[in-house]
Amino acid sequence: MNVIEGRNLTKIYGKKENQTVAINHMDISVKSGEYLAITGASGSGKSTLLHLIGGLESYTDGTLMVCGKDLNMNDEALSAFRRQNIGFIYQQFHLFPQLTVYQNIVLPAMIHKNERYEQRAVELLEYLDLSDKKNALPSELSGGQQQRTAIARALITGAKMILADEPTGNLDSASAEKVKVLLEQVWKTFHITLIVVTHDLSYAQRAERRIEMCDGRILA
Amino acid sequence: MYRILIRLQKKILICIAIGIFFAIFLGFGMGWMEEFQKEVAYKEYQYNTGSYIAYFSGNLDEQDINIIVNDNHISQCGIVTYYKKIYEGKGKDIWIRGANENYMLRNSIVVKGRLPEKENEIIAEQWVLEAIGLEAKNGQEITFSLEDEEGKQSTETFIVSGVLENSAYSKENGLTNIFVRYDLQRDRYPIVNLDIKEKEDLLESLEDIKGKLISTDSFYEYSSEAGAMRQQQYTLTGEQLGKCIFSAFLLLFYLLCIFRLFEEQYMQNIAKMRMCGFSTRYILAVYYKMVLGLYVVFSLLGLTAGKVCMAFLSKAARLDQIHFIFWGRQVSIQPKTVMPMVLCIFLFTFVAVLLFLIWVSFKSMRGTILMQLRYGERAERKSCRMRKGKLHYKTEWISIILFILAQVLCLSVSYQQLANERKAEYETFSQCRNGDFQILGYQSENISNGATREQLEEVKKLPGTIAVETAMVLPVRVKIEDGLQVADDYYKMYNAYAKDTYYREFIGEEKAGGDIVYKSSLMGYNDAALGKLSDYIIEGSIDIEKMRHSNTAVLFVPQYVEGRYRQRFYKNADRVMDYNVGDLITVKIRDQYTEDMEQYWSMEDHTGSHEEVFEVGAIVYYPYLPNTSVMGLVNPDIIISSDRMSQLTGQQICRVVNIQIDHRCNAQKYIRELNNIFSSVGGITVNDFISKRMEQQMRNRIYAVIGILWSLLVGTGFMACAVIGVKHHILQRKKDLALCRMIGFSKKLLQTDARREAGIYFLWISMLALAGTFVLQYIIFLRSGMQVMGLAFWGREYQKAIFIFINFIILYILFYRNTSLMLRGEMISQYREE
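Protein chains in written order, with this note's numbering: chain A, 1 to 220; chain B, 1 to 834.
The shape of chain B in the complex, shown without the other chains (with noise of 0.2 Å):
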């Protein structure tokens, strides 16, 4: 029996069942998609954050500690002491800390040897290592002059057990972590770091441990942002909500279509059957259990295939390469499917089927089994009429509808695709990677820390180098004259942000003397630095020359829009301190940058300062170099020329090299010479950025892929069911252009009239598209913060292009082609055939 009724409905089954395939691997790629960017961030933000979520410090003894390492809602535990600090020779100022295994390896592997076993051996990052003055390898011994926390002061010699991985959070950072054993008899300050269980609530997890410890003094510090993020891996977000909906919207759009198509068979297929003797209700109940079944057999083969084909797609673009070293292995992203967004997609595809099967039983219960014959000539009677001495066809609006949405979908995805792109090459601007290679000196407050004149020249001379641009940087205060305006909420939200810091707060008043003044960096620019800046100026000019010999600067005044605070290198936005070009600053240049920078950071001063006043004689959005000062970019900074620096400070290191090289040359070869000439200087890290662009543009590359391979199939099923309803449409006049033939219009003519109805589809659609398109993207420009990046707004307009010229092909074939297949044979036996 029920072969029989899929045979008869054998077409319309098929549809239905690619329909439900299809929206539930749409749903279940889209989302999935959505759980690998969301994996790739939290992977990244903990690898760059240093792996763990939170940490308990305070007076922790043996017995706390070991209370924290048995709790059950802990899945990995770092502990980390102080053992002693290296006062003299190379590594000055590194700290000895004990560790355990857990938190050696907590961004890092080992690479050579093994880890600490014994009392006196060590283990460290291969570029700690380098510059400590040692090599690569295991078993070699070396002799620190230590320090401990009461200053008492020893001799010991170690012997290197192992060598471990460089890690971009401790390169980043600069933290030169040179590690022994742990020993709580022995160190001090313990802190414990933990990562939480899956699925555990991260603070009543922190609560319950807290609860448990004896010391009173112990505390505990989390970070919110990774708990948020570590939040949304097990849920559903909205976006993934979204997504399951608007893929069960298309599923019951694309099924209302092939209705449609069908819908004469179909009704003429119940009039029969109810002739038969078969009632209605029997008959919508075989074709209930029938669809639900496809639902059921087609939505497990979509969620299959959706899977197999992101695990082929993610191979195919190289996403399974991404990896994280935790905890001593190598992590590569693995999205977990996530049960909610399953059956979510599960849950509005089956609504959506529902839905239709609803309509489906409404339309078949209307009216007689006669009426349900004759189905087909009352649509029929529809498709053309007489206007104007002229023939005129029915227009077809759903169709029309239909084909802008999938013109506007498809290029309004790709757009927001663009914009995404666009967003990640503002991140890598904001972080002011503008080399190939860039030595930086450690964010603290040790400036003496930098690249001499000397090595700067040895840099010039490697075969390759192209530029070198350098910058000093010293912290300052710059004194807020009256009548200059500050952005007060920018300034009330990041002040509240520093105010546990070490730095305090960015505006305040001074305790001696009670000037109101802000936190900035004096930079010393070379003129290769200074150059690069014309591309960011806003007000004003840059004269090197004059910039050499005489007091202008170069301000650079961060610019930022409300509620967007963390972004500051917006082009056309509001600066934070309308300064001017002309405008005289107030400088107080530290007289001693060694002592007491914990009092100079909380507004007093003890050793003295003297001022400069400088004019602004230019003023720039981005200081294209970074600022390695703690402060970072917040506030507005001066920069001036080097040699002016020279003269007024004394100062003669280069906190920021930034090197630009032939990309031609070996720059594996390259980095090995830089680390060479840099590995007796102690407080920097030589970065490459040449491969961390790489892995970031591959990355986009991936992204941009699957985006434009799913902005095509949603696409594509929305052009899909446009081209079954004007095909039906077309199909519907077959009797029309059969009477028209019987008197007396030439099929020369039909098929003309065919060419003008394209044309004018083609007309009404691609000024619609378009205009619909230049909408949606200019609101995804303005939600995005392009337009206040200074980004353009025009790009990938060729997509435009060929997206009308395959909307006019099809068109063209669906008008024309149809119509002359339709003209083809004998007027009579169109007329009548069924």
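Okay, chain A solo, but in the shape it has when bound (with noise of 0.2 Å):
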């Protein structure tokens, strides 16, 4: 079953002389529980493509259907829909710096008012082997534990998919080859639809699945 459909899709940027075509009349399909990683060079199209599937854009032209649901909705609906199914993960981390590790994980959950989402916390804590870190700010925190964090944020709400924008790109060799790591472990723990962009071509070798774009569209 594809848990992503986009059928000619396509986003333009700005006005009149100014436009930029980002995305040009695709077509994808995503099933669910795959592991997809998207690769091309800058100004592919790629990272405005993971936006249009999260729903952090909205698309000039075509159709896209995630989760078997049309993204073209209000911002109430589609905010409990991105909670509900997609978790974000960014090279930058958008962490809270203000917040606690514990408070950054636990902040999506609260707005359903589940009183399981403590113990939920607790279970991804142990298994991101952040229990430690539990308290401490995310200035206080590594490169990698600051993504390990924004993946347990991510799946807290239980979202059934992930998508990763250079989730490596600001982290050393080792800690980058650990997230990687984490991120298939997670994939295969929870069964959750994982797409990754990425300039790395190792990366998205490990992936089941990979597609390349250029100018907006898909190569192969």
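Where hints are given, some of them may not hold.
[Stated by the list, open to error] Calculated pairs, DSS-like style, for lysine-lysine (alpha carbon to alpha carbon, straight line, at most 27 Å):
{"#": "1", "chain 1": "B", "residue 1": "Lys363", "chain 2": "A", "residue 2": "Lys15"}
{"#": "2", "chain 1": "B", "residue 1": "Lys363", "chain 2": "A", "residue 2": "Lys16"}
{"#": "3", "chain 1": "A", "residue 1": "Lys134", "chain 2": "B", "residue 2": "Lys11"}
{"#": "4", "chain 1": "A", "residue 1": "Lys134", "chain 2": "B", "residue 2": "Lys10"}
[Claimed, not checked] Stretch by stretch, here's where chain A covers chain B in the computed footprint (C-beta under 8 Å, at least three residues):
{"#": "5", "segment": "5-18"}
{"#": "6", "segment": "275-284"}
{"#": "7", "segment": "359-371"}
[Stated by the list, open to error] Pairwise CB distance ranges (calculated):
{"#": "8", "chain 1": "A", "residue 1": "Ala77", "chain 2": "B", "residue 2": "Ile743", "range": "42 to 50 Å"}
{"#": "9", "chain 1": "A", "residue 1": "Ala77", "chain 2": "B", "residue 2": "Ala771", "range": "56 to 64 Å"}
{"#": "10", "chain 1": "A", "residue 1": "Asp75", "chain 2": "B", "residue 2": "Val351", "range": "40 to 48 Å"}
Hints listed in this document are in silico derivations from the structure and should not be mistaken for laboratory results. This one's a predicted model, so the numbers in the text were calculated from it and none came from an experiment. Glycine included, each C-beta is placed from N, C-alpha and C at the ideal position.
Take each chain as given, in its own frame, and dock them per the hints.
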């Protein structure tokens, strides 16, 4: 079953003569539980595609169904959809510097008022080897630990899909390897769909499927 | 959840809370001051005009009086009647009045003994007892030769049952009251004075009472000025409203500046939260709840702190020591918290917070998550540019304006304060209280009351006496010669005002002879007093020697400004009559001043008069000594030498005596000795202006301190916003500075740039702030009447220098220090730092 179904997907930035076509009439399908890597040169549209899938940006034309839903919805519904289905992981981690590791992780779950999130947060902290850093601030963590915190935050609400944009871009090779392994473990353990945008071809080759983009289109 | 979100926005929430706290604090504090001043003005007016706001008179009988006394509208009720008059001996012409307890104690308290209970008991103020030759103690016996309304004479003996504290109102107005218990069967002309309960409508209440009275001849009168002041006590004035709006405006400005500082962080937090699955609406709802919650808590805290702070300030500044005596008890000033004012502060500051939240919502809803995540980058791109081969930083206009506003506001509020102080000094000046002590004959027709030459000699011999300035005063009429220009509007106003008074009009036609005359005073000044006039000359010169032997006069001509007719001692204004030096003035001096004064004032004169012609040697705008005739100082007065006056009129008594003393001598002892000299003279008062001036100075100082505190607080508010703005502006340069270093700019060069920039900002801000201050200062100067009063435009210029210096320090620290701090460490880490 496809969790992502995009037809004739188009994203254009700017107006009139300043227009930039980031995604150009693209068709894409991703199966549930698939581990997909997206590669391509800078400006090829890979991050834009990820943002469209995550509902961070709206598309200009075409259709895009994610987890069976058209993402052309209002902010309220889109937020609820993101919360329930999608977790994001970024190169810059995008953690809240003022909050502790634990608070960063549980924040998305708090909106549910689900009492079980505390238990799940503890489990995730243990699973991601962050138990001893529970009360630390992001600035007190290494890059790898920060990315693991971001992974835990992505998993706290039981997301069905993780979208990772250059997750190892800010890390040294040892930490990067650990994050890659960890993401693969998470993919296997939680049976989620994992989509990774990367420049690193060796990392892309570890995925089940790899697509390469150029000028807003899929080459292969 | 809220705990986490509060932590996320901790800094901005703290700043918002501080802003709300200070806005309420400031609004309440300024409103409180306003309320305090209103209260003092009203109480002072009440005290100086005799406590009551209205009275009923006419043929009131016992039944009518009972109706008034028992009426629900009434809060105070003082009944006074006329009993008999002393017709000879000490205390001649003093009335003995019947009064109830409320009236006897209207401006006083019993300092010794008790109020009269028996028919033959009297009570009076200390100075009245001394004036009739008694000591200020109870139990003494005194026999008066009395005369009733029908002229029936009798001798009665009274026992002094108690002594009342001297009342400024009675003393200054020469109200030598001796009270007995009132008896409606025995006494005549009852007057019921009253005060109306708070919040009751004055006119409606008086009409209501009048409607209930049986006597058809009864009428009421009330003080419209006191009525207006009373009305203001319970309502929100325009100034208070303005201050509430000002506080709210300042709060909104501050909030926007604060938000600007945290904008990047706020927008990124919003984006991250949206990424985590929070909708913008949800985030904003939480934000609204937090800010409004803060508003509730911190506005109440601000209000409480405002109250506590004002209580503390008023105690520290000894405002609580300002008290008045009303109805037998000391009343200290307790400004009420006017509910409309509090509600207004809450309403306007709430609107400010709401506008801020709407603006934040508008910002939060703009753009996608990604745009919000990259929010800071856009701002950073604008921080500087290259021009003519040099690095030019973006100008922070809002901050410059805020700096200027802060400075202009502080300096202008301070100048307004100075204007108020100078106006207060002018008020004292216009009351002619120029001596340390002043002996005054009462403002009545009896011009024989005053100080004799012998008494003045005694005064001169008192240890500590430096100068004795004297004036003889005779009411006269002056012919208006053809061609003399008279200020029509001025006299129209004053004649209308005087129509129902004892002296009827200021200018009119004499009934016998038909001359057009104005009522005036011929004043005989001694050399010391004449010497003082030279400070107020607007034309001519004073030759004292010549004045002693010839009919050369100094003419006091009131000068007025259109619409401000009640103030008449302006230096640079229009003369009420266009006299010039060298003009001849024909003065009609009455032959007999002790009889038929009423006819004299109503332009009839059965006793005859003779004319004297005086040549105007000099014109002054200020008479220096007060005029003790009932006419006041509305018309020009003719001032001649006291020697010449004695020669022309035979007058020997001085109605006004100013005594200047050496301030090292014991003033209390001095006034006791003065009282000893003048205790046997009826119809005069001995005024102590040293203590009055000290009281006034203390009050002015207090207002000045509080005014300066508020101006500093308001200025600091604007300055804080400006500092926040500039700091934010500089912090945006972090990456640019790192880039500049990467391409070869040295730290020293960038620091020099920062210093140069601080200097340019400083010059701009100082020049514009000074220009703005002078413009506003000039407006205040014109509007407050300082110009026409002849007061100086300049004042406290050192404050400008202080503010400019502070401004320089702040700008230097802001630019140089912040830039230096940013330049510390490795350039690459600065460039990468989030």
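Checked hints:
1. B/Lys363 / A/Lys15: Judged against 27 Å, a Cα distance of about 22 Å means the pair holds.
2. B/Lys363 / A/Lys16: holds (26 Å)
3. A/Lys134 / B/Lys11: holds (23 Å)
4. A/Lys134 / B/Lys10: holds (21 Å)
5. 5-18: holds (count 3)
6. 275-284: holds (count 8)
7. 359-371: holds (count 3)
8. A/Ala77 / B/Ile743: 42 to 50 Å: holds (49 Å)
9. A/Ala77 / B/Ala771: 56 to 64 Å: With a Cβ separation near 57 Å, A/Ala77 and B/Ala771 satisfy 56 to 64 Å, so the hint holds.
10. A/Asp75 / B/Val351: 40 to 48 Å: Since the Cβ atoms of A/Asp75 and B/Val351 sit about 27 Å apart, the hinted range of 40 to 48 Å is violated.
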